[in-house]
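> Residue-level listing of the chains:
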Amino acid sequence: MKLKGKAHKYGADVNTDLIIPARYLHNDDRALWVAHCMEDIDTEFVKRLKPGDFIVATTNFGCGSSREQAPIVIKEAGVAGVIASSFARIFFRNAINIGLPILESPEASEATQMGDELEVDLGTGTIQNLSSKKTYQAQPFPDFMRGIIETGGLIAYTRERFKGKA
Amino acid sequence: MTIAEKILAAHSGREKVEPGEFVNVSVDLAFAQEGMTPLVVEAFRQLEIDRVFDPGKVVFMVDHSCPSKDIPSAEQSKLQREFAKEQGTIYYDVGRGGIEHVLIPEQGLALPGQVIVGADSHTCTSGALGAFATGMGATDIAVAMATGEVWMKVPPTIKFVYHGKLPKWVTGKDLILHTIGDIGVDGARYSAMEFTGEAASELDMDGRFTMSNMAIEAGAKVGLFPVDEKTRKYITEHGNKPFTACEPDKDARYADVIEYDVSKMEPQVAIPNIPSNVKPISRVGDVRIDQVVIGACTNGRLNDMRAAAQILKGRKIHEDLRCIVIPGSQQVYLDALEEGLIESFVRAGAAVSTPTCGPCAGLHMGILASGERALSTSNRNFVGRMGSPESEVYLAGPAVAAASAVLGRIAHPEEVVS
Numbered sequence: 000m001k002l003k004g005k006a007h008k009y010g011a012d013v014n015t016d017l018i019i020p021a022r023y024l025h026n027d028d029r030a031l032w033v034a035h036c037m038e039d040i041d042t043e044f045v046k047r048l049k050p051g052d053f054i055v056a057t058t059n060f061g062c063g064s065s066r067e068q069a070p071i072v073i074k075e076a077g078v079a080g081v082i083a084s085s086f087a088r089i090f091f092r093n094a095i096n097i098g099l100p101i102l103e104s105p106e107a108s109e110a111t112q113m114g115d116e117l118e119v120d121l122g123t124g125t126i127q128n129l130s131s132k133k134t135y136q137a138q139p140f141p142d143f144m145r146g147i148i149e150t151g152g153l154i155a156y157t158r159e160r161f162k163g164k165a
Numbered sequence: 000m001t002i003a004e005k006i007l008a009a010h011s012g013r014e015k016v017e018p019g020e021f022v023n024v025s026v027d028l029a030f031a032q033e034g035m036t037p038l039v040v041e042a043f044r045q046l047e048i049d050r051v052f053d054p055g056k057v058v059f060m061v062d063h064s065c066p067s068k069d070i071p072s073a074e075q076s077k078l079q080r081e082f083a084k085e086q087g088t089i090y091y092d093v094g095r096g097g098i099e100h101v102l103i104p105e106q107g108l109a110l111p112g113q114v115i116v117g118a119d120s121h122t123c124t125s126g127a128l129g130a131f132a133t134g135m136g137a138t139d140i141a142v143a144m145a146t147g148e149v150w151m152k153v154p155p156t157i158k159f160v161y162h163g164k165l166p167k168w169v170t171g172k173d174l175i176l177h178t179i180g181d182i183g184v185d186g187a188r189y190s191a192m193e194f195t196g197e198a199a200s201e202l203d204m205d206g207r208f209t210m211s212n213m214a215i216e217a218g219a220k221v222g223l224f225p226v227d228e229k230t231r232k233y234i235t236e237h238g239n240k241p242f243t244a245c246e247p248d249k250d251a252r253y254a255d256v257i258e259y260d261v262s263k264m265e266p267q268v269a270i271p272n273i274p275s276n277v278k279p280i281s282r283v284g285d286v287r288i289d290q291v292v293i294g295a296c297t298n299g300r301l302n303d304m305r306a307a308a309q310i311l312k313g314r315k316i317h318e319d320l321r322c323i324v325i326p327g328s329q330q331v332y333l334d335a336l337e338e339g340l341i342e343s344f345v346r347a348g349a350a351v352s353t354p355t356c357g358p359c360a361g362l363h364m365g366i367l368a369s370g371e372r373a374l375s376t377s378n379r380n381f382v383g384r385m386g387s388p389e390s391e392v393y394l395a396g397p398a399v400a401a402a403s404a405v406l407g408r409i410a411h412p413e414e415v416v417s
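Heads up: the protein sequence lines correspond to chains A and B, in order. Going by numbering that gives the first Met the number 0, 39 is the number at position 40 of the first sequence; the sequence numbering is gapless. Going by numbering that gives the first Met the number 0, 78 is the number at position 79 of the second sequence; the sequence numbering is gapless.
Source of the hints: derived by calculation from the structure; they are not laboratory data. A quick note: this is a predicted structure, and the numbers were derived from the prediction, not measured. Glycine included, each C-beta is placed from N, C-alpha and C at the ideal position. Accuracy of the hints is not assured; some may be wrong.
Calculated pairs, DSS-like style, for lysine-lysine (alpha carbon to alpha carbon, straight line, at most 30 Å) [claimed, not checked]:
1. A:Lys162 with B:Lys68
2. B:Lys68 with B:Lys15
3. B:Lys56 with B:Lys68
4. B:Lys229 with A:Lys162
5. A:Lys162 with B:Lys15
Here are some, though not all, of the chain A residues that point toward chain B, as calculated from beta-carbon distances under 7 Å [claimed, not checked]:
6. Asp12
7. Asp16
8. Pro20
9. Arg22
10. His35
11. Phe44
12. Asn93
13. Gln112
14. Asp115
15. Glu116
16. Thr134
17. Tyr135
18. Gln136
19. Glu149
20. Thr150
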């Protein structure tokens with residue numbers, strides 16, 4: 000599946016408090032979360048975002064808390080996927096579990112500028128920067144994770160595994 | 000094998016595991032605080048498994064906004080209370096428990112050699128007991144509660160060796176801040192940290208909990224201490240349940256070995272806005288502060304309260320500053336009360352709160368206004384962490400926090416007590 004959108008570019012260590020501050024998480028209203036997505040790092044993010052755009056960042060994206068609301072709010076805001084040099088551990092598994100596409104590519108992440116047009120093939124992991132006319136290849140997922148992704152996330156995967164056992 | 004590898008092998012029915020392998024492991028304990036419980040319950044219902052795998056191994060507690068601060072947080076607590084009752088799980092309501100990572104070891108729910116998962120990143124705190132304790136998101140925790148299993152990628156282990164004798168005023172908080180300052184917030188990303196050496200052994204259990212608590216701040220999956228006599232004594236005094244400890248093998252393979260000499264270390268302070276921005280206190284300079292918070296899952300235990308009270312007893316909080324003290328659990332509160340520590344805090348002019356995560360996550364009980372600066376014994380100083388995005392948070396141990404509360408600026412305890 001090929002997706003096209005603009006890049007919203009950030010640096011290293013974008014933590015989950017920047018993605019969605021804890022001050023909104025005592026409330027389960029997802030529209031409230033979306034309204035404040037990324038606000039402590041970029042107050043214009045929600046206004047500028049068009050559905051299908053990408054977040055691009057360098058190392059350790061999603062560090063900090065275990066809040067699953069972080070990948071959820073990014074997905075619900077309409078972001079097509081996150082491309083980073085590397086991801087923090089809990090954010091990485093949360094994204095896989097809930098089906099937010101994530102791609103790890105230090106080369107693509109570092110070269111991408113704010114506002115670049117990207118075309119991403121989630122099937123092959125190919126990232127094309129249409130603005131700079133460069134192509135990058137994201138690191139493939141291990142087979143175990145592909146299993147979860149292809150089954151449709153951890154819920155579907157677990158239902159499949161434990162079918163008839165409960 | 001390292002401690003982490005041994006525990007994961009034992010919980011996946013394997014003789015041996017290697018870093019990078021994916022394994023399904025059995026879970027000894029799974030828990031969630033009220034703020035994450037709605038997402039956990041939503042995922043649990045979607046799994047179409049009616050009952051939790053073992054109600055004696057599933058725990059819920061109210062701690063993030065405790066007691067509820069407004070209607071939405073009250074709804075979260077209500078949903079949690081009803082689910083815990085429906086499933087018959089272990090449950091700690093307002094006034095009966097406390098901050099999850101203080102509560103879980105204290106109540107004897109965490110034991111050496113176990114696999115423990117919680118819907119909060121600071122679940123790694125129980126690594127101080129030699130348990131593979133790690134934080135995960137709501138969906139993972141729902142699956143763990145329903146099936147008693149989670150998937151794990153076996154992490155490589157980095158061994159940290161702390162040589163020398165701990166100088167006066169240097170605590171577990173200082174060792175871990177120094178370490179994060181050295182290796183960075185992704186210095187142990189995806190890895191297990193093993194804390195060893197004579198200075199690590201010298202730490203009391205509360206100091207070890209502080210270190211393991213902040214393993215996540217270096218990006219680690221888990222922060223483990225080997226089991227020794229202090230661990231065994233702690234377990235005896237907290238539930239006295241049987242356990243199987245996992246010792247590292249003599250020929251265990253480490254991704255890296257990092258060594259520090261602590262004998263000349265000073266108390267450490269993390270400067271805004273990232274926990275790796277660490278300086279020894281003598282190089283922090285003249286930093287005026289508006290609020291001091293002493294507590295949190297990092298430093299809300301009895302020895303932390305004692306360290307703060309030792310400085311605050313008979314003194315007054317600086318007139319330009321407010322000081323908030325939050326014992327980490329009802330038990331810590333009661334012990335601190337019986338020892339007279341709470342009286343020292345109140346007489347000094349501190350506000351003493353019932354156990355809550357409140358200010359640490361910017362939820363309630365001491366939110367910062369724009370332009371304000373706090374010194375906190377908690378674990379994160381990210382932008383907006385304790386309130387306004389235009390506020391600032393410094394991190395340090397309880398003695399530094401108490402001394403700073405007296406002097407109105409970041410201060411070495413020696414400046415107050417000699």
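> Would you check whether Tyr135 of chain A satisfies its interface hint, that is, whether its CB is within less than 7 Å of any CB in chain B?
21 Å, violated
> Under 7 Å, Cβ to Cβ, is where Thr150 of chain A needs to be relative to chain B, so tell me if that hint holds or is violated.
13 Å, violated
> Please verify whether Lys162 of chain A and Lys15 of chain B have alpha carbons no more than 30 Å apart.
The hint holds at about 29 Å.
> Assess, step by step, whether the Cα of Lys162 of chain A is no farther than 30 Å from the Cα of Lys68 of chain B, and give holds or violated.
41 Å, violated
> Restraint: Asp12 of chain A near chain B, CB-CB cut 7 Å. Satisfied or not?
Hint on Asp12 of chain A: holds, closest Cβ of chain B at ~6 Å, below 7 Å.
> Take a quick look at whether Lys68 of chain B and Lys15 of chain B sit within 30 Å of each other, Cα to Cα.
Distance of about 48 Å is beyond 30 Å: violated.
> So, as I understand it, the hint says Asp115 of chain A touches chain B; can you test that by seeing if any CB pair is closer than 7 Å?
At 25 Å from the nearest chain B Cβ, Asp115 of chain A fails the 7 Å test, so the hint is violated.
> Between Lys56 of chain B and Lys68 of chain B, is the straight-line Cα distance small enough, at 30 Å or below?
29 Å, holds
> Quick one, is the Asp16 of chain A hint okay against chain B at 7 Å, beta carbons?
This interface hint holds because 4 Å falls under the 7 Å limit.
> Quick one, are Lys229 of chain B and Lys162 of chain A close enough, alpha carbons at most 30 Å?
45 Å, violated
> If you take the shortest Cβ to Cβ gap from Thr134 of chain A to chain B, is it below 7 Å?
27 Å, violated
> Under 7 Å, Cβ to Cβ, is where Glu116 of chain A needs to be relative to chain B, so tell me if that hint holds or is violated.
29 Å, violated
Hints 1, 2, 4, 10, 11, 13, 14, 15, 16, 17, 18, 19, 20 from the earlier list are contradicted by this structure; the remaining hints agree with it.
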